[in-house]
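Novice: Single-letter residue listing:
Protein chains: 2
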Amino acid sequence: MKKLMNDVEQIVDEMLNGMVLAHPNDLRRLDGTTVLVRKNAPVQGKVGIVSGGGSGHEPAHGGFVGKGMLDAAVAGEVFTSPTPDQVFEAIKAVDGGKGVLLVIKNYTGDVMNFEMAGEMAEAEGISVKQVVVNDDVAVEDSSFTSGRRGIAGTVFVHKIAGALAEQGAELNEVQAAAEKVIKNVKSMGMSLSPCTVPAAGKPGFTLADNEIEIGTGIHGEPGVERTDVKPAAEIAQILFDKIDADMHLKSGDEVAVLINGLGSTPMMELYVFNNSAAAILKEKGVHVTETIVGEWMTSLEMAGVSLTILKLDDQLTSLLHAPAETTAFKR
Amino acid sequence: MKKLMNDVEQIVDEMLNGMVLAHPNDLRRLDGTTVLVRKNAPVQGKVGIVSGGGSGHEPAHGGFVGKGMLDAAVAGEVFTSPTPDQVFEAIKAVDGGKGVLLVIKNYTGDVMNFEMAGEMAEAEGISVKQVVVNDDVAVEDSSFTSGRRGIAGTVFVHKIAGALAEQGAELNEVQAAAEKVIKNVKSMGMSLSPCTVPAAGKPGFTLADNEIEIGTGIHGEPGVERTDVKPAAEIAQILFDKIDADMHLKSGDEVAVLINGLGSTPMMELYVFNNSAAAILKEKGVHVTETIVGEWMTSLEMAGVSLTILKLDDQLTSLLHAPAETTAFKR
Chain D
1 MKKLMNDVEQ IVDEMLNGMV LAHPNDLRRL DGTTVLVRKN APVQGKVGIV
51 SGGGSGHEPA HGGFVGKGML DAAVAGEVFT SPTPDQVFEA IKAVDGGKGV
101 LLVIKNYTGD VMNFEMAGEM AEAEGISVKQ VVVNDDVAVE DSSFTSGRRG
151 IAGTVFVHKI AGALAEQGAE LNEVQAAAEK VIKNVKSMGM SLSPCTVPAA
201 GKPGFTLADN EIEIGTGIHG EPGVERTDVK PAAEIAQILF DKIDADMHLK
251 SGDEVAVLIN GLGSTPMMEL YVFNNSAAAI LKEKGVHVTE TIVGEWMTSL
301 EMAGVSLTIL KLDDQLTSLL HAPAETTAFK R
Chain A
1 MKKLMNDVEQ IVDEMLNGMV LAHPNDLRRL DGTTVLVRKN APVQGKVGIV
51 SGGGSGHEPA HGGFVGKGML DAAVAGEVFT SPTPDQVFEA IKAVDGGKGV
101 LLVIKNYTGD VMNFEMAGEM AEAEGISVKQ VVVNDDVAVE DSSFTSGRRG
151 IAGTVFVHKI AGALAEQGAE LNEVQAAAEK VIKNVKSMGM SLSPCTVPAA
201 GKPGFTLADN EIEIGTGIHG EPGVERTDVK PAAEIAQILF DKIDADMHLK
251 SGDEVAVLIN GLGSTPMMEL YVFNNSAAAI LKEKGVHVTE TIVGEWMTSL
301 EMAGVSLTIL KLDDQLTSLL HAPAETTAFK R
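Read top to bottom, the protein sequences are chains D and A.
Going by full-length UniProt numbering, the first sequence opens with residue 1, and the numbers climb by one from there.
Going by full-length UniProt numbering, the second sequence opens with residue 1, and the numbers climb by one from there.
What the hints contain is simulated information worked out from the structure, not anything from laboratory work.
As the structure is a prediction and not an experimental result, all values here were calculated from the model.
There could be a bad hint or two in this list.
[As the list claims (entries may be wrong)] No more than 30 Å apart at the CA atoms, straight line, and that leaves these computed lysine-lysine pairs for BS3-like:
no., chain 1, residue 1, chain 2, residue 2
1, A, K2, D, K39
2, A, K202, D, K2
3, D, K230, A, K202
4, A, K282, D, K330
5, A, K330, D, K282
6, A, K242, D, K39
7, A, K2, D, K282
8, A, K2, D, K242
9, D, K230, A, K2
10, D, K39, A, K282
11, D, K180, A, K2
12, D, K67, A, K67
13, A, K242, D, K2
14, D, K2, A, K284
Bound conformation, chain D alone (with noise of 0.2 Å):
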């Protein structure tokens, strides 16, 4: 295992350092936590939006903390839920009044880490409200799932309620608006190689040397196939009908697609599969109004993308539109 690393141990707690340290305007990090919040937390009469989960997702979700998006990100070990304690920490930090939004990827750890640290935070006093982002439409159940995992559909679910949150909307509303967006948005990956959680020190999986998987879920866990490697344009054709199979793309249609590299996929392989899908779409009649190629949900060195659709309409789109300045994403 070859990694940019001091101690494995302490690879959470430098990483967020690391971040505090290059923006130290936008982050502040809760001390004894691996907590960091808005440098103004708490936003006094906004709700506040609380995501996270196991670290080794970077951007998600550290980076996305800021302006129009989220309020605080609670970073687990590798690929592990943060405990409740973490999120109640965070849940308590970006109260201003009008309640606290949780984000949940759906794991089995994340659900009920974040479930029980709501429930702690109301029995203070606090309302909170959560949604649980599954969007990954490749497989139902897996290795620590139950029901369809949460992939990079999430960015939209924090790009949107972040937006709307801003704007000073109830709780009940942002909450709903997530649902939304949950509801229309759907994701599949593939994955071209593996990659090595620091304190396992191996790949989680294999592939051979011209061996592909689909449906890879953004922790390794496995997909639907493994095959031989693909034309770019064969792959977003197989992602994309998965997809579609569930929703339902009609000419005319109106959608935001965002292109996800899951960790070591170089720009330009991106962008060329982006040049793929967007011609399928094309073909289909569908209306891309926006394109968001880049890293956003990755797995450590994990070579591979997902395709990531989301189904608009006036009030998604707005919000999509909206100001978001966080370290990772602005617009």
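Knowing the structure of chain D, use the given hints to seat chain A on it.
Specialist: Frame of chain D; chain A shown alone:
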């Protein structure tokens, strides 16, 4: 070789199309060329700024096209200089009557081809000046270079020259600011793994399982030393010492730091590295007023990092903080 692509011969073409499809309101591709320009080029009454070079360094340089940075980026084949006629097309497309500055990374082919294009444009009555970035302190002369190589420090040249041009400065003033950046910016990189040029099909060099290379160039050119894997803090110290042997930083100096991932290094590791680098600068009493962490000047899927330090004065600080609206870099 496993890459997300369709046809090796078409990879740059499809990448450029994929970029324009993702950013149709920001970028335009000049017909029949590999040139990306700002959608509204030429901007009348503004010095145009053109950069570029071989592909494979994305987001450099197409990702830096936009308000406050570049007017055009010219893409060559992977790790290969664009031809003079392509650069000439870029110059003509962005000249808004105040002349054009060429920002060239110091590689023999780039310098020759951009200079030739500049002469072609001058012959047509366009004022053209150029600067050559040579920030890499690792080695003097290298596989493709006479003198020092130009690497990630180029991003600061784009940012600062671009900001001044946006303010309406004259060509000689924009050139002088770019030269000031070049005089004050130093970088050095290291790699944990090589990368594979698509047309070559195999890695440009090899490293053993426990081996890293210090001072590698962004095309995999030889560095200064191959050694066992070392902790991030030790690597940061090696890179800093070599940079400081040139910069002679003193307590109280103000600097901007750019931590650049070479392609497949996770954000987690880049932030761990920043944590280590920041400690070195703090110990020395150097004041870091700006830290930029991410992938800015990559080498396809190479794993590794480069450290760039820019010594600031009031003018450079002000221009560094000016607005920028590009697809890869926003502020």
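Novice: Each of the hints needs a verdict: does it hold here or not?
Specialist: Structure-based check of all given hints:
1. K2(A) x K39(D): 42 Å, violated
2. K202(A) x K2(D): 20 Å, holds
3. K230(D) x K202(A): Measuring from Cα to Cα gives roughly 18 Å; hence the hint holds.
4. K282(A) x K330(D): This hinted pair holds, its Cα atoms lying about 29 Å apart.
5. K330(A) x K282(D): Answer holds: K330(A) to K282(D) is near 29 Å, not above 30 Å.
6. K242(A) x K39(D): 35 Å, violated
7. K2(A) x K282(D): Holds. K2(A) to K282(D) sits at ~27 Å (cutoff 30 Å).
8. K2(A) x K242(D): 23 Å, holds
9. K230(D) x K2(A): 9 Å, holds
10. K39(D) x K282(A): Cα-Cα ~22 Å, so holds.
11. K180(D) x K2(A): Violated, at about 37 Å.
12. K67(D) x K67(A): 22 Å, holds
13. K242(A) x K2(D): Judged against 30 Å, a Cα distance of about 23 Å means the pair holds.
14. K2(D) x K284(A): 29 Å, holds
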